[in-house]
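There are 2 protein chains.
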Amino acid sequence: MSKEITREELAQLDASDPLTGFAERFELPEGVIYLDGNSLGALPKGAAARAAQVVNEEWGKGLIRSWNSAGWFEMPLKLGDKLGKLLGANPNETAITDTTSLNLFKTLASALRTQKADAPQRRVIITERDNFPTDIYIAEGLADLVNSLSQESGIPYEVRLIDDEASLRDALGEDTAVLALSHVNYRTGAMWDMVGITAEAHRAGALVVWDLAHAAGAVPVDLNGADADYAVGCTYKYLNGGPGSPAFIWVNQRHHDRFWQPLSGWWSHNAPFAMADHYTPANDVRRFMCGTQPVTSLAMIEVGLDIALEADMSAVRAKSLELTDLFIELVETRCAEYGLELVTPREHERRGSHASFRHEHGYEIMAALIERGVIGDYREPEVLRFGITPLYLSRSDIWDAVEILREILHTGSWQREEYAVRNAVT
Amino acid sequence: MSKEITREELAQLDASDPLTGFAERFELPEGVIYLDGNSLGALPKGAAARAAQVVNEEWGKGLIRSWNSAGWFEMPLKLGDKLGKLLGANPNETAITDTTSLNLFKTLASALRTQKADAPQRRVIITERDNFPTDIYIAEGLADLVNSLSQESGIPYEVRLIDDEASLRDALGEDTAVLALSHVNYRTGAMWDMVGITAEAHRAGALVVWDLAHAAGAVPVDLNGADADYAVGCTYKYLNGGPGSPAFIWVNQRHHDRFWQPLSGWWSHNAPFAMADHYTPANDVRRFMCGTQPVTSLAMIEVGLDIALEADMSAVRAKSLELTDLFIELVETRCAEYGLELVTPREHERRGSHASFRHEHGYEIMAALIERGVIGDYREPEVLRFGITPLYLSRSDIWDAVEILREILHTGSWQREEYAVRNAVT
Numbered sequence: 224m225s226k227e228i229t230r231e232e233l234a235q236l237d238a239s240d241p242l243t244g245f246a247e248r249f250e251l252p253e254g255v256i257y258l259d260g261n262s263l264g265a266l267p268k269g270a271a272a273r274a275a276q277v278v279n280e281e282w283g284k285g286l287i288r289s290w291n292s293a294g295w296f297e298m299p300l301k302l303g304d305k306l307g308k309l310l311g312a313n314p315n316e317t318a319i320t321d322t323t324s325l326n327l328f329k330t331l332a333s334a335l336r337t338q339k340a341d342a343p344q345r346r347v348i349i350t351e352r353d354n355f356p357t358d359i360y361i362a363e364g365l366a367d368l369v370n371s372l373s374q375e376s377g378i379p380y381e382v383r384l385i386d387d388e389a390s391l392r393d394a395l396g397e398d399t400a401v402l403a404l405s406h407v408n409y410r411t412g413a414m415w416d417m418v419g420i421t422a423e424a425h426r427a428g429a430l431v432v433w434d435l436a437h438a439a440g441a442v443p444v445d446l447n448g449a450d451a452d453y454a455v456g457c458t459y460k461y462l463n464g465g466p467g468s469p470a471f472i473w474v475n476q477r478h479h480d481r482f483w484q485p486l487s488g489w490w491s492h493n494a495p496f497a498m499a500d501h502y503t504p505a506n507d508v509r510r511f512m513c514g515t516q517p518v519t520s521l522a523m524i525e526v527g528l529d530i531a532l533e534a535d536m537s538a539v540r541a542k543s544l545e546l547t548d549l550f551i552e553l554v555e556t557r558c559a560e561y562g563l564e565l566v567t568p569r570e571h572e573r574r575g576s577h578a579s580f581r582h583e584h585g586y587e588i589m590a591a592l593i594e595r596g597v598i599g600d601y602r603e604p605e606v607l608r609f610g611i612t613p614l615y616l617s618r619s620d621i622w623d624a625v626e627i628l629r630e631i632l633h634t635g636s637w638q639r640e641e642y643a644v645r646n647a648v649t
Numbered sequence: 224m225s226k227e228i229t230r231e232e233l234a235q236l237d238a239s240d241p242l243t244g245f246a247e248r249f250e251l252p253e254g255v256i257y258l259d260g261n262s263l264g265a266l267p268k269g270a271a272a273r274a275a276q277v278v279n280e281e282w283g284k285g286l287i288r289s290w291n292s293a294g295w296f297e298m299p300l301k302l303g304d305k306l307g308k309l310l311g312a313n314p315n316e317t318a319i320t321d322t323t324s325l326n327l328f329k330t331l332a333s334a335l336r337t338q339k340a341d342a343p344q345r346r347v348i349i350t351e352r353d354n355f356p357t358d359i360y361i362a363e364g365l366a367d368l369v370n371s372l373s374q375e376s377g378i379p380y381e382v383r384l385i386d387d388e389a390s391l392r393d394a395l396g397e398d399t400a401v402l403a404l405s406h407v408n409y410r411t412g413a414m415w416d417m418v419g420i421t422a423e424a425h426r427a428g429a430l431v432v433w434d435l436a437h438a439a440g441a442v443p444v445d446l447n448g449a450d451a452d453y454a455v456g457c458t459y460k461y462l463n464g465g466p467g468s469p470a471f472i473w474v475n476q477r478h479h480d481r482f483w484q485p486l487s488g489w490w491s492h493n494a495p496f497a498m499a500d501h502y503t504p505a506n507d508v509r510r511f512m513c514g515t516q517p518v519t520s521l522a523m524i525e526v527g528l529d530i531a532l533e534a535d536m537s538a539v540r541a542k543s544l545e546l547t548d549l550f551i552e553l554v555e556t557r558c559a560e561y562g563l564e565l566v567t568p569r570e571h572e573r574r575g576s577h578a579s580f581r582h583e584h585g586y587e588i589m590a591a592l593i594e595r596g597v598i599g600d601y602r603e604p605e606v607l608r609f610g611i612t613p614l615y616l617s618r619s620d621i622w623d624a625v626e627i628l629r630e631i632l633h634t635g636s637w638q639r640e641e642y643a644v645r646n647a648v649t
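Quick mapping for you: the protein sequence lines, in order, are chains S and A. Going by this note's numbering, the first sequence wraps up at 649, each residue one higher than the last. Going by this note's numbering, the second sequence wraps up at 649, each residue one higher than the last.
It should be emphasised that the hints constitute simulated quantities derived from the structure, not laboratory data. It is possible that some hints are incorrect.
Where chains are identical, the list cannot tell them apart; a pair therefore holds if satisfied intra-copy or between any two copies.
Restricting the straight-line Cα-Cα distance to at most 20 angstroms, the calculated cross-link-like pairs of lysine to aspartate or glutamate (DMTMM-like) are [what the hints assert, rightly or not]:
| id | residue 1 | residue 2 |
| --- | --- | --- |
| 1 | 284 | 253 |
| 2 | 308 | 507 |
| 3 | 284 | 250 |
| 4 | 339 | 363 |
| 5 | 305 | 507 |
| 6 | 339 | 367 |
| 7 | 284 | 594 |
| 8 | 305 | 445 |
| 9 | 284 | 247 |
| 10 | 301 | 533 |
| 11 | 284 | 572 |
| 12 | 301 | 640 |
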């Protein structure tokens, strides 16, 4: 990219971009450039009306009848199948339910049980030190439960943290039960090669769980193409499902009918309304559900999903890469002297859809940016994180965001005391 | 109660009842008498506006900033403390989070770990055969996980089902780890003596989990007064939180800082935004949380809670008993010849806030009632279930509902083929 790039040129490119029209499908506040869609996606037009319909009509007028008449009962699998089209899933392999943490617990427990039957010496869960922390904590919680309630003797279950591809290769071995990785790293934006890593783990006898929180709707994903075993992820980031909207779980059909997952609530029962006094699991992805879902939050997900399904995913990916390249280029040229260090891989095939820079005053700089309407976020340690969401961001937005960043750095306006005050959520 | 009771007398009693005004706080559709608030509570006025505020303002305009500025991060504990006032909880003992099934898993796992440390021979979870099935299934899932991943030798964990108070006394013993009961039975409306049973279980060395799904907001509950260990329950029944609104978990402070619960997601971490690569649990009720909650569904709970907190719980209980007595009396006198058999205990101290009758054509009769606007529900086997919610039901409603039931039974209008067709959710 040439350094003489101008805002006018970028605006011309925006005008001829077929994805530009998608921005009108979202409600974005005036004066905001939203670079945090990788944390909470924007509000799709239609989501508020869907919520109002659920509350006023389906709940208020339909009352209990809406479990049948409004299709509430079928919603987790119906929306799961819609989402599955973005993930290379077959029908009836995906459910929208519970949270990413809980779904990870289900998949890890299912994987450990499968290994216990097939290769009982395999007791190690491998994951990344730099994974989103809840993934590590959930693996630790599962291992700790089993070890602490188990008999005293014998090999304990263990969570082993790897740091990079080389240490992953070293770690995969005869004791590995399951490998759990985030396809796109929440902090750096680095992306694993799903096909290659899955094949390598399988050759080592491990099962593989992919956390797609920062991947679903952001990068092309083909779970069956990669022959993955399990996947989990989030609907409130690039899928624009709404704050805390329920997460998803995908299970390769070959794991549907072997073992229970332990969060075996009534929605995972083969006949939930028979009210039987013993558990019999469903023989499909329903086995990986648990209890009743928050209908209003769940229903809104469909609005964001429908928009995502209208867009061509390869065009979304191409624009994501272009906008991220542009953002990196502009920061590195126009803000060159202010000590921002790129932590996201430059190679296209090794990154997702956000760009992160390290700066020792990252927290204060991000606080100053947010006050100026450029909303990214901050992640420990010292990382300014910028989500690139091609459905509602333009090249001109990227230009304007970097100009505001440059001004903040140039004037030193981030050095106000109030910017250093930490919020509950940082 | 005299048999010469008339609708006019009932209407006069309604007119002078201080709780009558609460009905205006709910949106109830014309032509409906809603006797299923024990399954899904009615829509409080204000809930739709709260949902619209979350979606349009907090999500749409506030975007990611609303985790701080709109108080999303604090909501599970803030609403938990509000709810706790109805349950005899101390501040910071209650969280609104996840589902009842998941919260039960957390409490049972925490109880088993505590017993493993204090009395390792205690490996039996006692619950009721007639419990809401998910409670049994979750206990089975936990025992199955631990047994299957455990070493081969040793005493397995076990779920033991009791049928009544006598068999509970027989079952409580030196191998009992935890007793998990529903305070009010979902089908029959029968209520356990929380104080007496908790004391008896403690004397036998067991910990006690109460499922308050059909009790919270329906009957007076004093968890600390009963010295209970754990409680879980539902906000979408008598608390009118909305379809599938997140559930609650209450943990006696003495269990806050001993052991991990295994669903140890980042919201249960002592410093969730430190992004530490190992788990350190919070030392309060946050330890029993897991992941991000569905904000829109969660926020609406506050509207129902505020109404419940305005009402005097002893007045609510007195009216519930009066309405239920009236309903039973009217069914047994005015529908005497149609074979309806009461399955709910008659004694006030032994029942919650719904009344159930058995009839071999219960399914069809309920379908006919619903078509006439008298909405109760059906539970296998053969049980017609009627929820009595004093905040929005009057004595006249009870009279009218029984009159419609009588007409359906008298004319045999329930004998239409379409009434026998089973829905997905029955």
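Note to self: Checking an output row: residue 339 and residue 363, CA cutoff 20 angstroms. Within, between, both or neither?
What the structure shows: both (18 angstroms within a copy, 18 angstroms between copies)
Next item on the list: Go through the copies and call it for residue 284 and residue 253: within, between, both or neither, with a Cα cutoff of 20 angstroms.
Entry: between (36 angstroms within a copy, 9 angstroms between copies)
Next item on the list: Please work out whether the CA atoms of residue 284 and residue 247 approach to 20 angstroms or closer within one copy, between two copies, in both situations, or in neither?
Entry: Cα proximity of residue 284 and residue 247: across copies only (15 angstroms, versus 32 angstroms in one copy).
Note to self: With identical chains, the pair residue 301 and residue 640 could be close in the same copy or across copies; at 20 angstroms between alpha carbons, which is it: within, between, both, or neither?
What the structure shows: neither (50 angstroms within a copy, 29 angstroms between copies)
Margin query: If the cut is 20 angstroms between Cα atoms, do residue 305 and residue 445 qualify within a copy, between copies, both or neither?
Written below: within (14 angstroms within a copy, 45 angstroms between copies)
Next item on the list: Give the relationship of residue 301 and residue 533 under a CA distance limit of 20 angstroms: within one copy only, between copies only, both, or neither.
Entry: Intra 17 angstroms, inter 39 angstroms, cutoff 20 angstroms: intra-copy only.
Check: Between copies, within a copy, both or neither: which fits residue 284 and residue 594 at Cα up to 20 angstroms?
Finding: Between copies only: 14 angstroms across chains, 43 angstroms inside a chain, cut-off 20 angstroms.
Next item on the list: Measure nothing new, just compare the shortest in-copy and cross-copy C-alpha distances for residue 339 and residue 367 to 20 angstroms and report within, between, both or neither.
Entry: both (16 angstroms within a copy, 13 angstroms between copies)
Next item on the list: Using 20 angstroms as the alpha carbon limit, work out where residue 284 and residue 572 are close: within a copy, between copies, both or neither.
Entry: Neither: 50 angstroms inside a chain and 34 angstroms across chains, both beyond 20 angstroms.
Margin query: Within, between, both or neither: how does the pair residue 284, residue 250 come out at a Cα-Cα threshold of 20 angstroms?
Written below: Cα proximity of residue 284 and residue 250: across copies only (8 angstroms, versus 28 angstroms in one copy).
Notebook entry, point to check: Is it within a copy, between copies, both, or neither that the alpha carbon of residue 308 lies no farther than 20 angstroms from that of residue 507?
Noted result: within (18 angstroms within a copy, 41 angstroms between copies)
Next item on the list: First find the shortest C-alpha distance between residue 305 and residue 507 inside one copy, then the shortest across copies, and answer within, between, both or neither for a cut-off of 20 angstroms.
Entry: So residue 305 and residue 507 pass the 20 angstroms test inside one copy only (17 angstroms; across, 39 angstroms).
Going down the numbered hints, you'll see the structure goes against 11 and 12, while the others check out.
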